[in-house]
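Chains A and B, in that order, are what the protein sequence lines are. Each residue of the first sequence is one higher than the last, beginning at 497 in the working numbering. Each residue of the second sequence is one higher than the last, beginning at 12 in the working numbering.
Any given hint could be a false lead.
[To be verified] Under the rule of at most 30 angstroms between Cα atoms (straight-line distance), these lysine-lysine pairs were calculated in the DSBU-like manner: (1) A:744 to A:565; (2) B:115 to A:865; (3) B:115 to A:686; (4) A:528 to A:500; (5) B:134 to A:865.
Hints in this document: simulated from the structure, not taken from any laboratory.
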Amino acid sequence: MAIKLLLENDHIEGIRYYDTYRKNGGYRAAEKALKMSPADIVEEVKKSGLRGRGGAGFPTGMKWSFLAKPEGVPRHLVCNADESEPGTFKDRYLMEFHPHLFIEGLLISSFALGSNATYVYIRGEYAWIPDILEQAIAEAKNNGWLGKNILGTGFDCEIYVHRGAGAYICGEETALIESLEGKRGNPRMKPPFPAIQGVWMRPTVVNNVETLAAVVPIINMGGDEYAKIGAGRSTGTKLLSVCGNVNKPGVYEIDMTCSVEEFIYSDEYCGGIPKGRKLKACIPGGSSVPIVPANLLFKTAKGETRYMNYESLSDGGFATGTMMGSGGFIVLDDSQCIVRHTMTLARFYNHESCGQCSPCREGTGWMYKILKNIEYGKGKMSDIDLLWDIQRRIEGNTICPLGDAAAWPVAAAIRHFRDEFEWHITHPDEAQTRNFGLAHYADPIHVPVG
Amino acid sequence: MNIQFSAEKMTKVKEIIARYPEGKQKSALIPLLHLAQDEFGGWLDAPVMDYVASILDILPIEVYEVATFYTMFNTKPVGKYLLEVCHTGPCMLNGSDDIIDYIKEKLGISAGETTPDGLFTLKPAECLGACGYAPMMQLGKTYREHLTKEKIDQLIIELRGASVN
Chain A
497 MAIKLLLEND HIEGIRYYDT YRKNGGYRAA EKALKMSPAD IVEEVKKSGL
547 RGRGGAGFPT GMKWSFLAKP EGVPRHLVCN ADESEPGTFK DRYLMEFHPH
597 LFIEGLLISS FALGSNATYV YIRGEYAWIP DILEQAIAEA KNNGWLGKNI
647 LGTGFDCEIY VHRGAGAYIC GEETALIESL EGKRGNPRMK PPFPAIQGVW
697 MRPTVVNNVE TLAAVVPIIN MGGDEYAKIG AGRSTGTKLL SVCGNVNKPG
747 VYEIDMTCSV EEFIYSDEYC GGIPKGRKLK ACIPGGSSVP IVPANLLFKT
797 AKGETRYMNY ESLSDGGFAT GTMMGSGGFI VLDDSQCIVR HTMTLARFYN
847 HESCGQCSPC REGTGWMYKI LKNIEYGKGK MSDIDLLWDI QRRIEGNTIC
897 PLGDAAAWPV AAAIRHFRDE FEWHITHPDE AQTRNFGLAH YADPIHVPVG
Chain B
12 MNIQFSAEKM TKVKEIIARY PEGKQKSALI PLLHLAQDEF GGWLDAPVMD
62 YVASILDILP IEVYEVATFY TMFNTKPVGK YLLEVCHTGP CMLNGSDDII
112 DYIKEKLGIS AGETTPDGLF TLKPAECLGA CGYAPMMQLG KTYREHLTKE
162 KIDQLIIELR GASVN
């Protein structure tokens with residue numbers, strides 16, 4: 497049985513309310529943390545090896561230690577709850593069903609960073625969740641966990657929920673900061689980094705919901721103990737949101753030691769592929785990470801078992817591997833069309849590009865147009881190389897990573913499924929009525945090839 | 012239409028502005044635009060945006076540029092019920108295209124159009140964070156998930172009924 501830290505109390509009815517949460521060990525970490533020094537809390541988080549759970553995987557303790565602390569200038573913790581990466585819905589689950597765990601994490605982190613006013617920037621479409629959070633904040637406040645002079649420590653903290661209004665780009669931390677200031681979500685040039693000049697030009701730390709919730713078990717068990725869970729530099733537990741063609745879509749917590757094969761086929765997690773279909777491909781970390789065909793999913797190119805953690809998923813680089821990303825786990829069965837799926841992602845990134853940098857603004861639209869042509873039987877063979885060329889010229893040439901996020905899915909689809917693109921072009925009519933199927937990239941473990 | 016928040020809404024407006032540091036009231040813009048859109052007919056007409064600008068003591072252009080950037084703000088009138096059906100990758104894998112086609116056929120409108128009675132607008136949407144519960148749509152403040160053609164039939168009957176009462 498896998499270790500659970502965040503969803504440990506998932507089965508307890510009423511865990512979203514204060515009394516139940518408190519009775520089940522809630523706010524014990526906050527009690528402990530408020531007796532520690534802020535620097536010691538940062539130290540525990542560093543020792544835990546916790547990496548940002550929003551997608552980039554940057555070490556949280558290190559990010560915290562970059563925060564500038566000029567005399568007389570307020571600092572802010574801002575929580576990135578703008579979860580918008582296709583395939584990702586884990587933060588929604590935490591906020592909706594475990595709001596107090598989230599608030600406890602926010603409180604401890606605010607204390608560690610010296611943030612007296614902490615903001616939760618939540619995507620606008622999650623319109624019912626601010627009510628849940630605000631009710632939980634009120635409960636926490638009534639019980640002395642927020643407000644003035646918390647537990648007699650002299651520390652004041654307010655948590656405010658700020659709704660966005662539909663813009664994927666606001667999940668990028670500097671765009672989020674611009675949006676929080678009441679502007680368009682155009683990412684800023686870095687440096688200066690938010691840790692020096694963030695919201696209202698004040699030092700700011702932006703962390704993902706799951707990252708901040710993970711601070712609670714880290715304080716409860718100590719950073720060293722937390723670091724013992726997991727594998728290598730992938731410490732602790734990770735939430736995965738599973739969607740696409742699996743028997744049991746939903747949110748799962750893993751301790752990063754299970755294999756990808758186990759994750760997809762065991763009843764504890766995804767429960768296999770429905771309707772007797774076969775696995776074709778998987779995007780394990782949200783739509784922007786490279787898609788991998790089944791034959792590279794369970795075993796790396798070196799023939800080693802692939803595990804559900806940062807290092808193992810990225811083994812082989814982009815040539816044969818992928819990324820842990822945000823944990824948005826998208827599974828495609830053999831009835832799915834890679835060209836069509838890639839086209840929807842290209843449309844998504846085109847819709848969400850802020851328009852600031854021309855490679856992304858123009859390139860995403862161009863890629864979508866070409867993919868649409870190929871999908872609808874109007875493609876030319878030269879379009880495939882053109883797509884490759886466009887994505888290559890977007891990647892790395894934009895202010896923020898949205899350009900890379902738009903380029904990678906297209907690159908990976910061509911890299912691994914070029915024959916399927918070619919088939920669309922050589923069989924324009926047939927491609928409208930049936931899909932390409934598995935070809936040579938079926939899961940070799942569960943489907944004998946040949 | 013008289014563009015003025017009610018006294019009760021004005022209390023809420025003040026409470027929102029107070030969340031941000033003094034002089035940084037512009038931060039309240041997006042929350043206020045949500046309030047204004049809910050209050051003044053489901054979309055943001057120029058006089059409504061000018062009114063929000065006056066509350067926050069900012070230029071109208073600062074409001075327009077934000078209202079036109081974010082997908083959730085409607086700068087044109089929409090039907091009483093805005094059906095925003097997600098059609099990004101994970102929803103597509105689970106048949107969202109069929110759901111969109113079914114709604115088009117049933118209501119006799121194309122994507123982006125409103126029914127002549129002003130009740131329904133269909134808008135294909137990009138990922139709404141409900142990928143595991145696909146196909147889905149956003150309807151007002153909530154999501155309708157695991158959509159089927161039967162559920163669309165029921166929903167439309169339900170909403171037509173609600174609009175009569």
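Hint by hint, here is what the structure shows:
1. A:744 to A:565: Measuring from Cα to Cα gives roughly 47 angstroms; hence the hint is violated.
2. B:115 to A:865: holds (23 angstroms)
3. B:115 to A:686: violated (45 angstroms)
4. A:528 to A:500: Status holds; Cα separation ~21 angstroms.
5. B:134 to A:865: With a Cα-Cα distance of about 20 angstroms, the restraint between residue 134 of chain B and residue 865 of chain A holds, given a limit of 30 angstroms.
The structure does not agree with the numbered hints 1 and 3 stated previously, though it agrees with the rest.
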